[in-house]
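Colleague: Line by line, the protein sequences give chains A and B. Going by this note's numbering, the first residue of the first sequence is number 1, and it counts up by one from there. Going by this note's numbering, the first residue of the second sequence is number 1, and it counts up by one from there.
Everything labelled a hint here was simulated from the structure, so no lab data went into it. Remember, it's a predicted structure, so these values are computed and weren't measured experimentally. Hints are not guaranteed to be accurate.
Unchecked claim - Okay, derived cross-link-like pairs now, DSSO-like style, lysine-lysine, Cα gap no bigger than 27 Å in a straight line:
1) K340(A) with K204(B)
2) K435(B) with K50(A)
3) K435(B) with K307(A)
4) K447(B) with K383(A)
5) K302(A) with K274(A)
6) K81(A) with K435(B)
7) K324(A) with K207(A)
8) K354(A) with K289(B)
9) K274(A) with K245(A)
10) K286(B) with K343(A)
11) K324(A) with K204(B)
Stated by the list, open to error - Part of the chain A face toward chain B, derived, beta carbon under 10 Å:
12) E229
13) E230
14) N306
15) K307
16) N310
17) K383
Even for Gly, the Cβ is constructed at its ideal location relative to N, Cα and C.
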Amino acid sequence: MLRRNIKGIEIESASPSDNGGMSIRISDVSYGDIDGKKVELRGCIELTNKPSDCGFIISLFDCTGGRLLPIQSTSPRFQEKGSTSFSVSAEVEEIDTEIEFFDWTLVGYINAWILNGPFEDTRNLMAVVRLVDHGVSGSLRNGRVVPTDKILWTGIKKFKLDLYDEGYIESLIRLRRFHFTSIGLALLIAKSVGEITHKATAVIEAKILDWLHYADSDRQIYDGYSSYEERSQSYIAHFNQALQKVKDRTLSQSRLFTELMQCCTSSSAIELIKFCFDVMIADGIIMGQTLELIDKIAKAAKIDLNKLANIRDEKIVRLDKVSKFDLTAEQFLGINSHWKRNKKIDHLEAEFHKWNSRLNVVPEGNARENIQRLLHMIGDALKQYR
Amino acid sequence: MITGIDLGTTYSAIAQFDTHGRPVIMTDSQEENLVPSCVAYFDDQWWVGREAIRQWIAGPTNAAARFKRFMGTSERFNIGGDTFTPTQLSAHVLRHMHQIALNHQGEVGTTVVTIPANFSVEARQETINAAKHAGLKMDYIINEPTAAALYYAFSGDLVGDGKYAVYDFGGGTFDISLIELNSSQVDVITSNGVSRLGGMDFDKILQKIVRQKYEEATQSTLDEHELEETPFDLVSIEELKRSLSRRETVTQFAKGTVLEITRQEFEEAISGLVMQAEVCCGATLKEAKISSSELSGVILAGGSTRVPCIRKSIQDVFKDVPLIESANVDEVVALGAVLYAAIRADSNEFNAAQSATIAPLQLTEVTNMNFGTIVLDYDEIDLPFLNNSIIIRKGTPIPCSQQQTYYTRYDGQDEVDCSITECAREETEMNEFIKIISDESKLKLPKLPKGEFWPAHEEIIVTFSYDENQIMHCSFLHENSGHSQEVDLDFNQVTDDTKDYKISGSTSQEME
Chain A
1 MLRRNIKGIE
11 IESASPSDNG
21 GMSIRISDVS
31 YGDIDGKKVE
41 LRGCIELTNK
51 PSDCGFIISL
61 FDCTGGRLLP
71 IQSTSPRFQE
81 KGSTSFSVSA
91 EVEEIDTEIE
101 FFDWTLVGYI
111 NAWILNGPFE
121 DTRNLMAVVR
131 LVDHGVSGSL
141 RNGRVVPTDK
151 ILWTGIKKFK
161 LDLYDEGYIE
171 SLIRLRRFHF
181 TSIGLALLIA
191 KSVGEITHKA
201 TAVIEAKILD
211 WLHYADSDRQ
221 IYDGYSSYEE
231 RSQSYIAHFN
241 QALQKVKDRT
251 LSQSRLFTEL
261 MQCCTSSSAI
271 ELIKFCFDVM
281 IADGIIMGQT
291 LELIDKIAKA
301 AKIDLNKLAN
311 IRDEKIVRLD
321 KVSKFDLTAE
331 QFLGINSHWK
341 RNKKIDHLEA
351 EFHKWNSRLN
361 VVPEGNAREN
371 IQRLLHMIGD
381 ALKQYR
Chain B
1 MITGIDLGTT
11 YSAIAQFDTH
21 GRPVIMTDSQ
31 EENLVPSCVA
41 YFDDQWWVGR
51 EAIRQWIAGP
61 TNAAARFKRF
71 MGTSERFNIG
81 GDTFTPTQLS
91 AHVLRHMHQI
101 ALNHQGEVGT
111 TVVTIPANFS
121 VEARQETINA
131 AKHAGLKMDY
141 IINEPTAAAL
151 YYAFSGDLVG
161 DGKYAVYDFG
171 GGTFDISLIE
181 LNSSQVDVIT
191 SNGVSRLGGM
201 DFDKILQKIV
211 RQKYEEATQS
221 TLDEHELEET
231 PFDLVSIEEL
241 KRSLSRRETV
251 TQFAKGTVLE
261 ITRQEFEEAI
271 SGLVMQAEVC
281 CGATLKEAKI
291 SSSELSGVIL
301 AGGSTRVPCI
311 RKSIQDVFKD
321 VPLIESANVD
331 EVVALGAVLY
341 AAIRADSNEF
351 NAAQSATIAP
361 LQLTEVTNMN
371 FGTIVLDYDE
381 IDLPFLNNSI
391 IIRKGTPIPC
401 SQQQTYYTRY
411 DGQDEVDCSI
421 TECAREETEM
431 NEFIKIISDE
441 SKLKLPKLPK
451 GEFWPAHEEI
461 IVTFSYDENQ
471 IMHCSFLHEN
481 SGHSQEVDLD
491 FNQVTDDTKD
501 YKISGSTSQE
511 ME
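Excised from the complex, chain A in its bound form (with noise of 0.2 Å):
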């Protein structure tokens, strides 16, 4: 079992009924066909000292749960300088040592449709409004400010907000499903060539620690691991489970495709089907049983033919010279063996005038070779039909 320890953040001196001098209104507005939030401040905030610069920036967490979890934003220009945390700024002009707004005055917007949030759903947020010292914005990561003596006043107000899109955690508890069902998949695909390679299983591996490196960083804090290792310890401790049952002919096809189908989105299907390709290219065996499971996977993850051509064609340029294609050239191309004699010839003629297009413009080497393989493949293939 995973461990749900999701880490929440302090925030400074503040508390809701206590803002000091200066009150905190957010009201629904529109602008176009967005709708957000608008922040505005009334009343007044004294100051010991003068400072030369400052200005207001607003922080969102979700504090459905009691814990507080940073708002992400997916806009560049809502964001912290050092992360993807949701973060909004204003400049105050000639300070003194009193800020007084005498009518309520808008310091932020809160666009809804930027906004990532932990989960998905109706969510109670918090607005996180801070008037700094000029140049402590480049110390805000996930809400926090660091060092603290430069936030001048904190003031935090409440409010509930509909997160349309999926949840940054319940996206990386799917990742983590999509990834755990990738390396069975492509255990299989090694799998299917008789016995799984070293080759294959390095390819495998060293997608896993390339998954593991991705994941150290900000929004991964709360995918349920409480370390690198323990999180690389997890994924390890699975490919070894997986690899065993594809060993032992336990690990079930069907079982996979349907975890699939539940946690694969369209941008990580690309992801696993050009992973499948490395490992079925890893072994420099082509064969017409790899490709049929390819495409079967390819099917359960909605992929699109014409993107899974583009994927097959980029991995088979990659192939070494000394490949071996034990399979037919209609294997290779994904000619079903129902199809009638003109429709093969049709798919035959328009592979080979793809490839021999191609020819002069990939690198020579390996690429050019391989598609002079292919076209010499499809030439023969066309003999028997024509």
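Add chain B to chain A, keeping to what the hints say.
Modeller: Leaving out everything else, chain B in the frame of chain A:
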């Protein structure tokens, strides 16, 4: 003297534009029209042609042949312990051809060298480099099938105006072009080809047949060295191939063993290759939306068109369209090349007969690649992807100028990548099959006062103009500010680094 050189894979030919205004093949010192494209080094000097090919048969370590196929690649040939690029070896052949012309007449002016229509850009560039290194005054190149068409436009041997196919099956490459003839004006409609398909591939297959027959008959195995000896060497094999074009069965003596080779088994063995040419022709007709019944004739060029099964294949593809072969298929390309050289030469130096020949001849070529730029696009579910947006399509008549408008993506965007791509097929989503010719230039939007930024959706107008001198001018213009980034690609420029085009760029600010 104006000359045209057909730099072939197996044989080369040179023609001159004579004082009667006719293209005429020039013979070498042995009164031969064709010179083997073979280079050798022995007796402390370089040899090209028949002497070289004899050396190639005797010991290929001192000679090289069939290097044209590898133009623009990293392939190297070993001669006498030193390595040579295909460009260097081609320069030797071109220098030899140039010498033939000098021997005929003391001075040589404009020269045009031919290249296969489907040559890669690198190979094309290297041919230009080879010509320059050979000391030729060569300002232009012409596609081989186009040259053949130009000759027939001059000769009057065509049945009249209309659409023609030019079927050029040479020693190393296969090309198919569709042209339209209107009086003496030749308009190329489209060209395609198979880069590695020619007589030399047939030779290799025939060599394999002979080897297998010998090994079966003698229950022995030939080593690679023995394959360089008669009758297994490629020159003997080429002779055998010619014999098979004339006879159904040819008897061959191999080290005391009698071998019988039939045309049928040879044609069966090469049928996969012949099929490639057939498919290429079919695709070209489809691409041009022309049916074979619309063609007035099929112009033949290249020695491989003599192979009987090739002729049958041509009839299968083009049905009852008449074959046009009144000119020698080995020479017609050189004859057309010299006419093109005459078109491009200074007509003030022509006599009346020469001017009369050239005056009606006109030629329009088309781009043989798609040219585009990389832009960010969104798919049906709004996922961003890099899209190769094609601006000049393959088959566009040259000169041409095409324009597309794009938009900046986000508020505050202050620069735009000015990439230029090429691809033979309309590839849209960026992939390995799109070559990025240039991606170093950026269009900088002018700076705005503090606190202001350019909003998203600023118009960027991209214009690609391809001129008759094979130079493509690319302009990326920010409509609102008038700032632009210009990139010029010269496809004819001699380069030191043979892998790159000569690219020059400038911004509008630098030009002011």
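Colleague: Compare the structure with each hint and give your call.
Modeller: For each hint, the structure was consulted:
no., hint, verdict
1, K340(A) with K204(B), "34 Å, violated"
2, K435(B) with K50(A), "59 Å, violated"
3, K435(B) with K307(A), "19 Å, holds"
4, K447(B) with K383(A), "63 Å, violated"
5, K302(A) with K274(A), "14 Å, holds"
6, K81(A) with K435(B), "35 Å, violated"
7, K324(A) with K207(A), "24 Å, holds"
8, K354(A) with K289(B), "17 Å, holds"
9, K274(A) with K245(A), "23 Å, holds"
10, K286(B) with K343(A), "16 Å, holds"
11, K324(A) with K204(B), "22 Å, holds"
12, E229, "33 Å, violated"
13, E230, "32 Å, violated"
14, N306, "9 Å, holds"
15, K307, "8 Å, holds"
16, N310, "6 Å, holds"
17, K383, "5 Å, holds"
Checked against the numbered hints given earlier, the structure breaks hints 1, 2, 4, 6, 12, 13 and satisfies all the rest.
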